[in-house]
Every structure is written in C-alpha cells, then in structure tokens.
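Number of protein chains: 2
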Amino acid sequence: MAKDQKKQPRPKADTPKGFRDYFGADVTERKQMLDRIAEIYHRHGFDPLETSAVETVEALGKFLPDVDRPNAGVFAWQEAEVPGGGAGDWLALRYDLTAPLARVAAQFRNDLPSPYRRYAMGPVWRNEKPGPGRFRQFYQCDADTVGSASVAADAEICAMLADALEHAGIRRGDYLIRINNRKVLNGIIEAMGAAAGLADDILRSIDKFDKVGEEGVRQLLTSGRKDESGAFIEGVGLAPEQAAPVLAFLTSKGADNAGTLANLRAAVGGSASGAEGVEELAQISDMLAAMGVGEDRAIIDPSIVRGLGYYTGPVFEAELTFEILDDKGRRRQFGSVAGGGRYDGLVERFTGQKVPATGVSIGVDRLLAALRARGLAGTDAQGPVVVTVMDRDRMADYQAMGAELRAAGIRAEVYLGNPKNFGNQLKYADKRQSPVAIIQGGDEAARGVVQVKDLILGARIAAGASHEEWKAQPAQTEVPRADLVAEVRRILE
Amino acid sequence: MAKDQKKQPRPKADTPKGFRDYFGADVTERKQMLDRIAEIYHRHGFDPLETSAVETVEALGKFLPDVDRPNAGVFAWQEAEVPGGGAGDWLALRYDLTAPLARVAAQFRNDLPSPYRRYAMGPVWRNEKPGPGRFRQFYQCDADTVGSASVAADAEICAMLADALEHAGIRRGDYLIRINNRKVLNGIIEAMGAAAGLADDILRSIDKFDKVGEEGVRQLLTSGRKDESGAFIEGVGLAPEQAAPVLAFLTSKGADNAGTLANLRAAVGGSASGAEGVEELAQISDMLAAMGVGEDRAIIDPSIVRGLGYYTGPVFEAELTFEILDDKGRRRQFGSVAGGGRYDGLVERFTGQKVPATGVSIGVDRLLAALRARGLAGTDAQGPVVVTVMDRDRMADYQAMGAELRAAGIRAEVYLGNPKNFGNQLKYADKRQSPVAIIQGGDEAARGVVQVKDLILGARIAAGASHEEWKAQPAQTEVPRADLVAEVRRILE
Numbered sequence: 003m004a005k006d007q008k009k010q011p012r013p014k015a016d017t018p019k020g021f022r023d024y025f026g027a028d029v030t031e032r033k034q035m036l037d038r039i040a041e042i043y044h045r046h047g048f049d050p051l052e053t054s055a056v057e058t059v060e061a062l063g064k065f066l067p068d069v070d071r072p073n074a075g076v077f078a079w080q081e082a083e084v085p086g087g088g089a090g091d092w093l094a095l096r097y098d099l100t101a102p103l104a105r106v107a108a109q110f111r112n113d114l115p116s117p118y119r120r121y122a123m124g125p126v127w128r129n130e131k132p133g134p135g136r137f138r139q140f141y142q143c144d145a146d147t148v149g150s151a152s153v154a155a156d157a158e159i160c161a162m163l164a165d166a167l168e169h170a171g172i173r174r175g176d177y178l179i180r181i182n183n184r185k186v187l188n189g190i191i192e193a194m195g196a197a198a199g200l201a202d203d204i205l206r207s208i209d210k211f212d213k214v215g216e217e218g219v220r221q222l223l224t225s226g227r228k229d230e231s232g233a234f235i236e237g238v239g240l241a242p243e244q245a246a247p248v249l250a251f252l253t254s255k256g257a258d259n260a261g262t263l264a265n266l267r268a269a270v271g272g273s274a275s276g277a278e279g280v281e282e283l284a285q286i287s288d289m290l291a292a293m294g295v296g297e298d299r300a301i302i303d304p305s306i307v308r309g310l311g312y313y314t315g316p317v318f319e320a321e322l323t324f325e326i327l328d329d330k331g332r333r334r335q336f337g338s339v340a341g342g343g344r345y346d347g348l349v350e351r352f353t354g355q356k357v358p359a360t361g362v363s364i365g366v367d368r369l370l371a372a373l374r375a376r377g378l379a380g381t382d383a384q385g386p387v388v389v390t391v392m393d394r395d396r397m398a399d400y401q402a403m404g405a406e407l408r409a410a411g412i413r414a415e416v417y418l419g420n421p422k423n424f425g426n427q428l429k430y431a432d433k434r435q436s437p438v439a440i441i442q443g444g445d446e447a448a449r450g451v452v453q454v455k456d457l458i459l460g461a462r463i464a465a466g467a468s469h470e471e472w473k474a475q476p477a478q479t480e481v482p483r484a485d486l487v488a489e490v491r492r493i494l495e
Numbered sequence: 003m004a005k006d007q008k009k010q011p012r013p014k015a016d017t018p019k020g021f022r023d024y025f026g027a028d029v030t031e032r033k034q035m036l037d038r039i040a041e042i043y044h045r046h047g048f049d050p051l052e053t054s055a056v057e058t059v060e061a062l063g064k065f066l067p068d069v070d071r072p073n074a075g076v077f078a079w080q081e082a083e084v085p086g087g088g089a090g091d092w093l094a095l096r097y098d099l100t101a102p103l104a105r106v107a108a109q110f111r112n113d114l115p116s117p118y119r120r121y122a123m124g125p126v127w128r129n130e131k132p133g134p135g136r137f138r139q140f141y142q143c144d145a146d147t148v149g150s151a152s153v154a155a156d157a158e159i160c161a162m163l164a165d166a167l168e169h170a171g172i173r174r175g176d177y178l179i180r181i182n183n184r185k186v187l188n189g190i191i192e193a194m195g196a197a198a199g200l201a202d203d204i205l206r207s208i209d210k211f212d213k214v215g216e217e218g219v220r221q222l223l224t225s226g227r228k229d230e231s232g233a234f235i236e237g238v239g240l241a242p243e244q245a246a247p248v249l250a251f252l253t254s255k256g257a258d259n260a261g262t263l264a265n266l267r268a269a270v271g272g273s274a275s276g277a278e279g280v281e282e283l284a285q286i287s288d289m290l291a292a293m294g295v296g297e298d299r300a301i302i303d304p305s306i307v308r309g310l311g312y313y314t315g316p317v318f319e320a321e322l323t324f325e326i327l328d329d330k331g332r333r334r335q336f337g338s339v340a341g342g343g344r345y346d347g348l349v350e351r352f353t354g355q356k357v358p359a360t361g362v363s364i365g366v367d368r369l370l371a372a373l374r375a376r377g378l379a380g381t382d383a384q385g386p387v388v389v390t391v392m393d394r395d396r397m398a399d400y401q402a403m404g405a406e407l408r409a410a411g412i413r414a415e416v417y418l419g420n421p422k423n424f425g426n427q428l429k430y431a432d433k434r435q436s437p438v439a440i441i442q443g444g445d446e447a448a449r450g451v452v453q454v455k456d457l458i459l460g461a462r463i464a465a466g467a468s469h470e471e472w473k474a475q476p477a478q479t480e481v482p483r484a485d486l487v488a489e490v491r492r493i494l495e
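Just so you know, the protein sequences line up as chains D and Y, in that order.
All residue numbers for the first sequence refer to this note's numbering, where the first residue is 3 and numbers rise by one.
All residue numbers for the second sequence refer to this note's numbering, where the first residue is 3 and numbers rise by one.
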C-alpha cells in the first residue's frame, strides 16, 4: 500500500488553463470598487440578487447571446442517473448574469415586485480558448429593471451608471455615456427596403465606424473595402442610395442633443419605427436633464450600436475618455467600460409572455484597470506591523504586543516562522510591505523597553545612505514598553 | 423554422435541485457579516485570497476529506480533447477552500511570504443529495496560516476567531471556543496499546460524548450500546481497562485551564506524544491569556474531537451557548458555528515536503442564522422611498424628485410600471417595504406642492383605526415642492 502510493506521481499544483488566483490587493481593490458601485445601485432602489453559479442547461440556453462569438461555450456536465429515474439533468456554470435573471424573473414572477430592479455582482464562466489577459472566469456587475416598458427605466439606468462610475472614482469629464436606439436604426433599415436578413450585416458594418470612418462604412455597406493590410473585406451589397440613409444616421451627431435629435428626425424620413425611436431618445434626453445628468456625462450618439442581437430599443455604452499607453507605448483612449440596453425577449423563453427589460453590465476588470491606471484603485496596500521574535520562549510576550496594537486598530502580526535567523524575519517584513517592525530581545525585556523600527524610512535611508548614515540607524527608536502603541501610531501617521 | 420553434416545449424556469437564489437582505446581511469578519482577519495580518471556482481534479483530489461522508462528491467534467493532443483535463468545482489553499501554497511557494496568513470567503460546491436546508452550493469563510509549526499560530487563530465572532455581533458570553489537541488523544491510544486501525473508531465514539455521556461512550468503546430507539450499536471492542484512560481523558475538564491541564497530565501517563500535546495546550492557554482572551471566551476542553481525519495537533470549535427553539419548539443550545485545527499533510501531496498549517472555517449560514435569531443580522431592510406617477407625461418631474432625494443620501425610486391603476402603485410600495410614498397630481403640480405619505405610520393606523381616523389620513402631509427632501428626512428620522 505504502509502496503503491510512492509510485503515484505527485499531482501538479496548477490552476486549470485560463483560470487564475487573486491575491491581497487584487481582491480588496475589486471589492472596494464593487462596494462603491453597490452603494449607488442600492440608493436607486435596486435590490441585490445572488443566483447560484450552476443552472440547468435548459434554463440557461446552450449558447452565448453574443453572435460575434458563435464558438463561445459553457462549462457543462450531466448529473448522475436518477435512481429508477433515467438520465440526470444537464447542468452548467452561468456564462453571464442576465440569463439567470431571466430564469428568476420567470420562476418568481408572482412574488417579485413588478417592476423588479435588481443588481448582481459575481463571477461568470466561459468555456473559451484562454488568451493573454483573457480568462475563463471573470466578474460581471449588472443592474437591470425587469417589467418596465417605459424609457424612464432606460434613462434611470444611464443616470445611475454615471453616478456609479463617479462614486467608484472616475472623475466627471473622464467618462461619457453614449446613448442610441435600435428602433431608429431598424426604422432606417426598414425604410430603405433592404432584405430583412441583412440587418445584422449592416449593424456589424456600422459598428466599425469608430475605426474606419464614414467612407470606410460606406464601402463596407456597398461593394467592400480593402483594409490597411491589403486584405479585402466583402461588402454588404447595398446600392449607394440604400447606404445613404444609414450613413446619414451614423453621422447625425450634432453639437448637442437637440441638434442630434433634429438631424435624426430628418434621417429617419417616413419610418414610423424610426420616428418612435427618435421620440424615445428625446424623452431620455429630457429625463437625464431632469435628473441633473448633463450632456457632459451622457449624450445621444447615433454611432453606438452594441453587438448583441437581442437589444430591441435604447442601447448605451460608457467610455472612459482619458488616454493611457497601450502595450506598444502608444497613447490611446481607454475606451468602453460598460454597456447595455433594452431587451424584451429573454423572459419570454420561459413564460411565452413578453417582459420588457433594460439593464447595464459594467466590465469589472476593465474599470478596475482604469482606476489603477489613474492611481484611484484606493486600497490601503500597507502591510501589517510585524512583531519579531528574538526569544522563542517569550512568544506570549510578543503576542501580547500584537494584541495591544490590534486593539488600538493597528494591523499587526507576530512572526510565526522559525525565529532562529533574524535576517529572515526582516526579509519577511519586507515581503509583507510592513511599515514597522518591533524588536525586543532579553536585554530590552529586562530593561522594560522595545525597539521600534521604521521600515519605510529605513528603506529610504538604505537606498541613498552612506555607511555612516546607515550605522547611525535613525529609523530605529528605543521606547519604554508602555509606549509601544503610541510610538507605532506616531510612525504610521 | 418558426413552426419548429413553436413545437419545442418551453424551458422550465427552475434552479437545479439543491441550489437556491438569495434575494435582497439574504445577500446584504451575509455580506455585512463577512465584511465584519474580514476586518478582523485583516487586522491580524491575514491577506485575502480568491482562487477560481474551478480546479483540476488532479489538484483537488477526488474525494472530500470528511470520512463520515464517503459518498460525498464533487461536480466534475472532462475538458474537450486537445486538438492533436489527446484527452482533456478533468476539471471540478472546489468542495472547500482548504484544498485550493494547499494548491496555491505549493504553486506559489517561492513567491508567498512564509508563513503565509490568508483568509478566503466564497461559495463551495458539493455534489450531494440535497435535503431540507442542505444545499449543494454554500459559503465558507476560512482563515489559515501555512508554514508555521508553532502553536502560537493555533493560539492566534483561536483569539482571532473570538474577536471575529464578537465583531460580527455575537456578544461575549454567548460563545465559547473549546480547544483540544489530537496529540493528547493519540498519545493515550498509543499508550493503551490498541490496534492502530481502531483510532478512527475511538474518535467516532468520543465524538458522541455530548449526546450519550460518559457511560454511553464507555459502552461504545467496549461491548456496544443500545440507543433510545432500542437499536444496538456495535462497540469498538476495547477491554474495560483500555477504555479507562480514554474516559479519563474525556472527563478531565477541570474548573479552569489549570485544573484541566493537571488532569490531562495525569491522564496521559507515560506517553511522550501525550505529554507533548498537553504541553502545547498549556502554551496555548498562556498565549490566549497574553492576548487578553480569557477563559470566558476560549477554554481547554478534552471532549472536543472534530471529525476530520487530517487534523494532527490542536483542534478547536466555537459554540454558541445561548438557546434557541428548534423545529419542534424545544429549547436547545445553538451549537457549533466554527471549527478548525492543525493539519500538516495537505501541501505535502504536491511537493513531497511536510508544510505545517493551521486554520479555521466559520459556518457562514449557521452564524448568520444565529445573528438573525438574536436580531443582530443588522441590515437596513428599509425599502426605498417610492415616487408615484399620477401623470405619465410628467415622468421627468418625478425623476427629478427621485434624483433630489438620492442626492440627499435617501434611497428613492420612481414607479416604473404602468401608472394607470394608482392602487397598484401603493401595493408596489408595500411590497418594496417602502417607508414613504410621494404623490403629485396635476393639481398639486399647479399649486407647487407634493403629498408625502408616511407608509409606516399609515400601516399602523390602518391596523387599528376607526373609519373616522382612517379618513383623517394624518399619515399624509402636503408640503411645498421645495420642502420635499426635508419632509421625507423628517419622517425617516
């Protein structure tokens, strides 16, 4: 038996491919950001909902809604056979927070308030090929209103998103929420008489406006376009006169919302759906103003499309407008950190009845990266005060020091490794980013004193100090044992 | 195509068996409790660690460590084949937070500080038969110190657990941490010369001390015992003189730690391992006293065993000592809410080297239930102020009211359902546990006033009011529009 065990190779200590661990500040910075966002959601009357990670494949639907990634999948498995029963259910890890919301809205439709405002924050899983910076488990942070057909719900989500970004730490002026309406675009496509099947292709072409500009989109909508690398991208095949209203729509952004709305009214021509969409945008614009959200924070922008096929009305996207350096050291805009819109079909899968819904999802990792890039992630990364151990028979004394410091609200710990090598203890304190080390040998204990070593000052001196300065050790002070807490507090302040 | 879709039955809107959703206060109360616990862990120098939900089966080990539930399993699935590669890895959802910690401690052993203090909070999954109140996803909340062989680490965990329980809201006197040491028991078993394979059976018998008392354990250790229902439970088969030292150990709890330690020293007789175990308990007792944790909070108790086979030294358990009513209305002690101990073998699986570790796991759901039973879960369950909609063309006005209230820090929302039936709006406010409703019809708008309805007072009046009192409606006040925030604040205070 013992021999058999010896033969077995040791298990590999690795995360599965595409998964990672989060240590220390990785966890606390994200938590602080999400807590700030939750405060705003809560104040807007949204209630938290936490569904389980596991859903039936039946409830979840097998495929991701994102049409641009048809290969994206879920992690799924089949339950063991039910005794006397037959095959077990297929279960899967949720791939987003919207599909579980749809299931909850259907399952608890008689119990939940209607409309139901909820927020959800938590991990989701995608069974995709992992890549650099692309993980198979990541956080989402969503807020949705289920059961309201009113654009007031969309306007509220946009206003709340602006508040949430600011409360998380993004300064006003550093973000802009752009709002569009699928109905306007659908009206234009309807009015121009294009084949119904082309709508998705047209959306995809418009989505490239940011990158290829008006002329590029015109080519993509008609006969095709050669990109920078020389590769030819086939066009949608519209006639130039069909492409014209789409381009008019795309470029109808005016100097302000009033101007944009006037341009849009002209661009939609006689389409009833288009006119309705413009009217909704006008209402959203008025409501945002009423809620004190100016056009410096949220604005109508007809070039915003959003990839997902299931949006049916207003769509919105929050962009960070400051520049950062990309991987190659080039300056570029930070870009999108949140997006959402109105979707009316998700609950219908379960109940057969249309349930209007609208919501937003914040890209947790991207927003956190933005806060870090601006130095605003705001965690207190300071390590604990480390009480070193000079005399292993006096552990209780050292623990009393740690307890006293903690009772005074100071983060503190006793060194718990092998105390033989004192250098290791200081290396440990360094690794812990400890601001202060406490030292008390037998001599100091007999004299009723402790040494308090300011490690931050010490590191600064060590970096640029002469041998004489180093020997003078001004970063270490001897104080009476009774003054331990006061002295540490003095250094930390 | 459309026809095919029609034929498909609608998916069932259900959570998978054994899973559940958490709404509103379910989420916030747990979060508040965990945040309070995390504050204490952080102050003790513990760093957060968040591993992913998914591990390789190889790293996780296939089986739960709990020997009492050998059928307990994990949710596992096999990755798709690697192209040109062969079979994919088997992945699984973590079943606790200790196995991932062991993997992390091995994987990052060159980067982590040593000793490594970490805490972790999050869901774990068990592929078990669900039962009433027993779910297949639940929270754990762990703190462990990896890489310290010193009992100072165990003492620190016990002191921290006491602080954490108090900071979460459990009053001093309402909990007790009981501490024992496996080495003492192992020493006794060793000294009595029982077959090595009997150790687990002896542990199991001792674990019943709470329920069956000294005489019951004596029977279980020797020839067997008839329980209340008349069923016979087979005994371990020890001779009475072999059972005697085990019983002496079990009943060696004295009036205080000093008394218990004296009794234990007598009970272990000549066993070296037993003597070492008693000495460790004496040190833990001294250290707890040094950290200001008195015997009213943590105490040596030889009757604590803890089921898990992997504990190798000190073990501890936190019990809540107040009584609650059980399902059948009988008074009983609340019981255990946390437990842990020293385990030295977990990291060894990966590296071949023993890494001493000790830690505690708080039963999140049980502690939360205890706080709720004591009315200490401490969430602010108050719903939002609801701004009702009398005139759907003036949504922007209502939204301005909501925004004003929120800007003043008051949780507030506008009714977003169909406003036609005003009764539905008040029913909605009721479902939202709203403290205040705001009403402004066209008439009030023209006069520049709003109606502010105190729903809590209103409900109190409605419950015991005569028709006259009801008509007088003292719970509703008309105030100038400009005084909206002040009036709502007055009611909420």
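Don't take each hint at face value.
[What the hints assert, rightly or not] In the DSS-like style, the derived pairs of lysine-lysine whose C-alpha atoms are separated by at most 30 angstroms in a straight line are: (1) D:K356 <-> Y:K33; (2) Y:K356 <-> Y:K330; (3) Y:K228 <-> D:K33; (4) Y:K14 <-> D:K356.
[Claimed, not checked] In silico contact screen, one side only, chain D against chain Y (beta carbon under 10 angstroms); selected entries: (5) D28; (6) T30; (7) R38; (8) I42; (9) P102; (10) A108; (11) S116; (12) M289.
Keep in mind that the hints were calculated from the coordinates and are not lab data.
Idealized CB from N, CA, C, for every residue including glycine.
Verification of the supplied hints:
1. D:K356 <-> Y:K33: The hint is violated at about 34 angstroms.
2. Y:K356 <-> Y:K330: Roughly 48 angstroms separates the two Cα atoms, so the pair is violated.
3. Y:K228 <-> D:K33: 54 angstroms, violated
4. Y:K14 <-> D:K356: 16 angstroms, holds
5. D28: Hint holds; D:D28 Cβ to chain Y Cβ min 7 angstroms, cut 10 angstroms.
6. T30: Given a least distance of 6 angstroms, the restraint on D:T30 holds.
7. R38: The hint is violated - D:R38 has no Cβ within 10 angstroms of chain Y, the shortest such distance being about 14 angstroms.
8. I42: 9 angstroms, holds
9. P102: 8 angstroms, holds
10. A108: 4 angstroms, holds
11. S116: 6 angstroms, holds
12. M289: Where the cut-off is 10 angstroms and the nearest Cβ of chain Y is about 5 angstroms from D:M289, the hint holds.
Checked against the numbered hints given earlier, the structure breaks hints 1, 2, 3 and 7 and satisfies all the rest.
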